[in-house]
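Starting from the structure of chain A, add chain B where the hints point.
Chains A and B supply the protein sequences, listed in that same order.
So the first sequence is numbered by the working numbering: it starts at 1 and just counts up by one.
So the second sequence is numbered by the working numbering: it starts at 1 and just counts up by one.
Simulated from the structure, these hints should not be mistaken for lab results.
Note that the structure is a prediction, hence the values are computed from the model and not measured.
Glycine included, every Cβ here is placed at the ideal spot set by N, Cα and C.
You can trust all of the hints, since none of them are fake.
Here are the simulated lysine to aspartate or glutamate pairs, EDC-like style, with alpha carbons at most 20 Å apart:
#	chain 1	residue 1	chain 2	residue 2
1	B	K485	B	E526
2	B	K485	B	D270
3	B	K93	A	E237
4	A	K172	A	E188
5	B	K132	A	E237
6	B	K257	B	D223
7	A	K235	B	E92
8	B	K485	B	E274
9	A	K235	B	E120
10	B	K132	B	D154
11	B	K537	B	E518
12	B	K93	A	E226
13	B	K34	B	D22
14	B	K271	B	D480
15	B	K257	B	D528
Derived CB-CB ranges, DEER-like:
#	chain 1	residue 1	chain 2	residue 2	range
16	B	S422	A	P223	20 to 30 Å
17	A	A143	B	W29	26 to 36 Å
18	A	H2	B	W29	50 to 60 Å
19	B	V354	A	P326	36 to 46 Å
20	A	P326	B	K537	37 to 47 Å
Some chain A residues close to chain B (C-beta under 8 Å, calculated; not the full set):
#	residue
21	Y224
22	H242
23	N246
24	R322
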Amino acid sequence: MHPVIRTILQRLGLGLITLFVVSLILFSSIEFLPGDFGEAVLGQAALPETVAAFRKELGLDLPIHERYFDWLGGILTGDMGNSFSGRGSSGGSDRSRPVIELLAPRLANTLFLASMAAIISVPLALFLGITAALYRNSFYDRAVNALTLTTISFPEFFVAYLLILGLSSFTKIFPSLANISPDAEFWERVYLTALPALTLTLVIVAHMMRMTRAAIINLMASPYIEMADLKGASKSEIILRHALPNAWAPIVTVIAFNLAYLVVGVVVVEVVFVYPGVGQLMVDAVTTRDVPVVQGCAMIFAATYILLNLFADIISIITNPRLLHPR
Amino acid sequence: MSEKNSGEKGDILLEMRDIVIDGYSDDRWHEIIKGVDITLRRGEILGLIGESGAGKSTLGLAAMGYARAGCRITSGSIIFDGMDLMKKSAAEKRALRGTRIAYVAQSAAASFNPAHQLIEQTVEATVRRGIKPEAEARADARKLYRDLQLPNPDTIGERYPHQVSGGQLQRVMTAMAMSARPDLIIFDEPTTALDVTTQVEVLASMRRIVEQFNTAAIYITHDLAVVAQMADFIKVLRYGVTIEDAETRKMLSSPEKEYTRSLWSVRSIDKKEERSDDIILKVDHIDASYTGSAKVLHDVSIEVPRGSTVAIVGESGSGKSTAARAITGLLPPSSGQILFNGKALPPTLKGRSVDQLQKIQMIYQMADTAMNPRHTVRDIIGRPLEFYLGLHGRARDDRLMELVEMIELNESFIDRYPGELSGGQKQRICIARALAADPELIICDEVTSALDQIVQKGILELLLRLQREFNLTYIFITHDIATVKAISDQIVVMFQGRVVEQGMKSEILSPPFPEYTELLLSSVPEMDPDWLTGLLKARAEGARATN
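Pulled out of the complex, with its shape left as it was, chain A reads as follows (with noise of 0.2 Å):
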């Protein structure tokens, strides 16, 4: 076998080992928090009798390690359990929906987000990034540097408040919710998640520029970089041909970790543009102890995270032609 498919086997299958340590995590710190579903819903006044009724009903009364195995064993299966909610205030009349069915619209519209904002950030990070490592010390990199550094060193809250200001309530280029219904068309969906993407955009623009262009100039002192300039390649030739092909592991390690924040914190943007997300989601499930959808959404972020994370160790590995192409 290759040793690079090696590797990525191996990567593989240790991200499914973070995965289910992370489910560990999560399931036994979950089952520490303070204060109980069952009182909450039915208030303090209720009888004991009532709530363990309650517990008994919900699978609560159950010991833990068979609560977890029950929980994975779904998750494996595609079934993250039901939701808490809509169950105990109708008086036992189980009108409770599977998390799959609350959590996969709102996961589709957080990742049509997500593509929309990295589809605009990541080629114009990289332009910048080149082009700024092409011009260095000049007019233009100093002004791109600022200019993203700016975005970035304001609050979010407040970059959307800026483009909500600019692009809507005075030009009205866009409007300023972004709260899609389900059966939106696509092209009216890129326009209702146009302000969002661009808060997002400028937000997350900077790391990944910066990081583009530290890691072409850091490779300018090697003596490749000056072989091929007395080889008679131009600056441009030097950077894409020589530099930037031995520059894209720290590069895709920064976008991959952005890409990652474009999934899982972006809740702030969510509730400034309205938009049905699932940070809105778990953070609504977190408020009324709704456990299983927080379950099933930091399973989510926490897969998110490592399968972006997979994909920039495997980039890193086939751009680096001693892995790929060993002695």
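Chain B alone, transformed into the frame defined by chain A:
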């Protein structure tokens, strides 16, 4: 000679007049080349020789109209094939580089882009500048690989830089320089990083190919014996000034300047060998390997007599440094034992007593990295005095002074940092640090390899004097045969982790030689312009005779 450059042999190709180049350091510009002239005709090779800091590389690059970052060519004229490069724009000069003037760098391993195949890099300038179509350039590159006697010339180009050896990379780089059939090639210390045995092959193929295409070249090196094989003329540089200019044979037979003579001064030391039967260290049949890899030492046995110098020679990868690591306890041998003064030494560093540690000291090749840059000389030498001898305060400082004088430096150095010292001074401080422990045996690992000839001579003379005064025993690890001749009593030849030969200097260095020793010794360049030609002829005849 199938292909020839335009222009007749003997026409002037490059004429540099009154070149002044400034370098920027310590917040100001100062002159590093102070008015040097070069005249080079087509098909000629000029050797540029001098110590580090003489400005050789800077001058060589200036011949391409190129100045490194932090350097600038301030005045003078560079006429290349009728064009004044000083008056050309950056783009016009760029157009000449890689096509009409090519460069071969010192470290081939670092100068190839790790991300691209060798052949892609070989033909890059030729193809991208539209000199030849890609397919033709690649076919030509394969032919050049064959001419340069690279193994598997048809497929080696598809490999990546990390997949081939340093000597092969150096030849691929020569092919890369030759790809566009330039008029001029600048060779910047192209064989300095190679073992002697590899150096011979690379030198021979480089010389053959520049002759074949009638290419002019500037060959930069600090090794006079190497340049003697390559150059028609030699220019000696020092501190940015020409010391001496002469035709190669004349320069070697009757150098006019004292400085030129000093460039081969190490070769003038000759220690009289002394025999001794009092064995201080006995390495007894040891094997060693680094974790998880193949054995690096196979059944190595070495005897070191008290008060003498045992030189361990061999090319890189022969296991000579590993042997030193085993003796010091840094790498415990997997079998066999090491006896010091007749008693077995514990294999690991941890297992050894302070007293055992004190008696064996080590001096490293890179004095730079062997000292903590944040410690003053006082801290560096004072530490072993406190640790091994328990000296403190006044007693420590007195001893410190004695040591500093012993290494021919003075009080003024005591509170300096390593960064404020020259390479030779740093190595002297390392010697003093080893001496401070009051050792019986000092292991010197390539201690002079990073130094210029004159500085080398000073260090070697110092070591010899200290040996006489304190009856010290040295194990001297080196790949430089001139150094071995200069200071050793006994020689151990290592090859692929095994001891090939061991004995008194006079025995090892006189025939008959075992095969590998013969190869090693005959590969050391001599101060004779006909040496390489003669050697190649002798080897070719030898090969024919065995067939």
